[in-house]
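Modelling step: build the complete structure from the supplied sequences, incorporating the hints.
2 protein chains.
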Amino acid sequence: MLFRQLFDQESGTYTYLLASAPGREALIIDPVKGQVPQYIQLISQLGLKLVSAIDTHTHADHVTGLGDLRDQTGCTTIMGAYTKAECVSMQVKENDLISIDGIKLRALYTPGHTDESFSYVLNPDKPDAVFSGDVLLIRGTGRTDFQNGNSEKSWDSIVNKLFRLPDQTLLYPGHDYKGWMSSSIAEERRFNPRLAGKSKTEYIQIMDNLSLPNPKLMDVAVPANLACGQS
Amino acid sequence: MLFRQLFDQESGTYTYLLASAPGREALIIDPVKGQVPQYIQLISQLGLKLVSAIDTHTHADHVTGLGDLRDQTGCTTIMGAYTKAECVSMQVKENDLISIDGIKLRALYTPGHTDESFSYVLNPDKPDAVFSGDVLLIRGTGRTDFQNGNSEKSWDSIVNKLFRLPDQTLLYPGHDYKGWMSSSIAEERRFNPRLAGKSKTEYIQIMDNLSLPNPKLMDVAVPANLACGQS
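Which chain is which? The protein sequence lines are A and B, in order.
For the record, in the first sequence the residue sitting at position 200 is 200 according to my numbering, with numbers rising by one throughout.
For the record, in the second sequence the residue sitting at position 32 is 1032 according to my numbering, with numbers rising by one throughout.
No lab work stands behind these hints: they were computed from the structure.
Careful, some of the hints might be misleading.
[Claimed, not checked] Heads up, simulated DSS-like pairs for lysine-lysine below, C-alpha to C-alpha not over 27 Å straight-line:
#1 B:Lys1126 - A:Lys126
#2 B:Lys1126 - B:Lys1216
#3 A:Lys178 - B:Lys1216
#4 B:Lys1178 - B:Lys1093
#5 B:Lys1198 - B:Lys1216
#6 B:Lys1033 - A:Lys178
[As the list claims (entries may be wrong)] A partial selection of chain A residues facing chain B, derived with a Cβ cut-off under 7 Å:
#7 Leu6
#8 Phe7
#9 Ser89
#10 His175
#11 Gly179
Since the model is a prediction, treat every value here as computed from it, not as a measurement.
Yeah, the Cβ is synthetic: ideal placement off N, Cα and C, and Gly gets one too.
Pasting the structure below:
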């Protein structure tokens, strides 16, 4: 499989480009608008045909590349069923299968960071990896204090959905700020400091008392992303 | 296989942690001193026993974690045969095989960025990947204007050694500054702008006229690294 993890240094965002092999159809997860020229270069050099661009959720910390990629490649744009973004060409719901030229992704509804966040399980019959957006991070979890985030739903999404994936399923999140690029479900179950050994009540208490400042780009990014990054 | 690519944001350095599986013996390539506590945490959580820490070359842009890892884990410290660092416990030469609990690395002498740079080929019988340090980067090459760097040797190392690896061999470099984490030998042969379609003479001309400023940490890092990061 061709798998490329890409990093936007300004927002700390991970983007994922997947295809069965060079020359095949491809999809991209959580592209960043400012990086679109680089994605286009890479897609072209690898001889890929981009057919889908997926956002795990409406990002508040960067502007999405969905609209620009759609305009430049003709790809479909995909988000989950509860998104308020009216620009996307396809909405997936729980358990929907995205199948593209040998790449299979199963959609899992995982609200908590936002009320419309989805995660995507790669090769769901025998999961290789999960792209968790911002609900589950490496040794962390996504904040739950804006965009209809909800700490109780975050717990449910992580503990009752993501943590039920097989141990060795690799975790590829939407961000990391300490330079770690992947983890596994087994690792996060055991070592995620917000979750391991914690009760649901304790988790809710932690998340509801983080008192984080809003993301710098929030007022720009959210409205822009409701228009696929082209408002 | 357990494979973790880690990123030091300050110096743009990639570090690689490899083992056959959790609980097994492990090795680390190009660790950064400031990140050692994080490596130790990850190694411990994964139940790994760190047995070797390798530097591809004497770094000029960050202080190595070799000495600290040796002190904290008892691992051997490895560099190539021509290093001036007298602190390392093992020096490898061309074609030496490092074999650790199911992980095999073949040493390739690839001078050019420095006169003592080595690359390491993972699973050399059927190469999966090469860790190229700074001689070959993603769509770039390491500067050749200090530490006995030499643009002609850089060409020879890349074109006559690394580019002879199989097409699909993944390239994992020591740095990337644009957020790309891997490439392949086929890609760099075709798309590396300093090499593709260029003659050796043209390459030498490009490299000898880059006029780059010295790395910020050079005066600190090089002497520190000759003492495994503990001067």
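Which numbered hints turn out to be false for this structure?
2, 4, 5, 9 and 10
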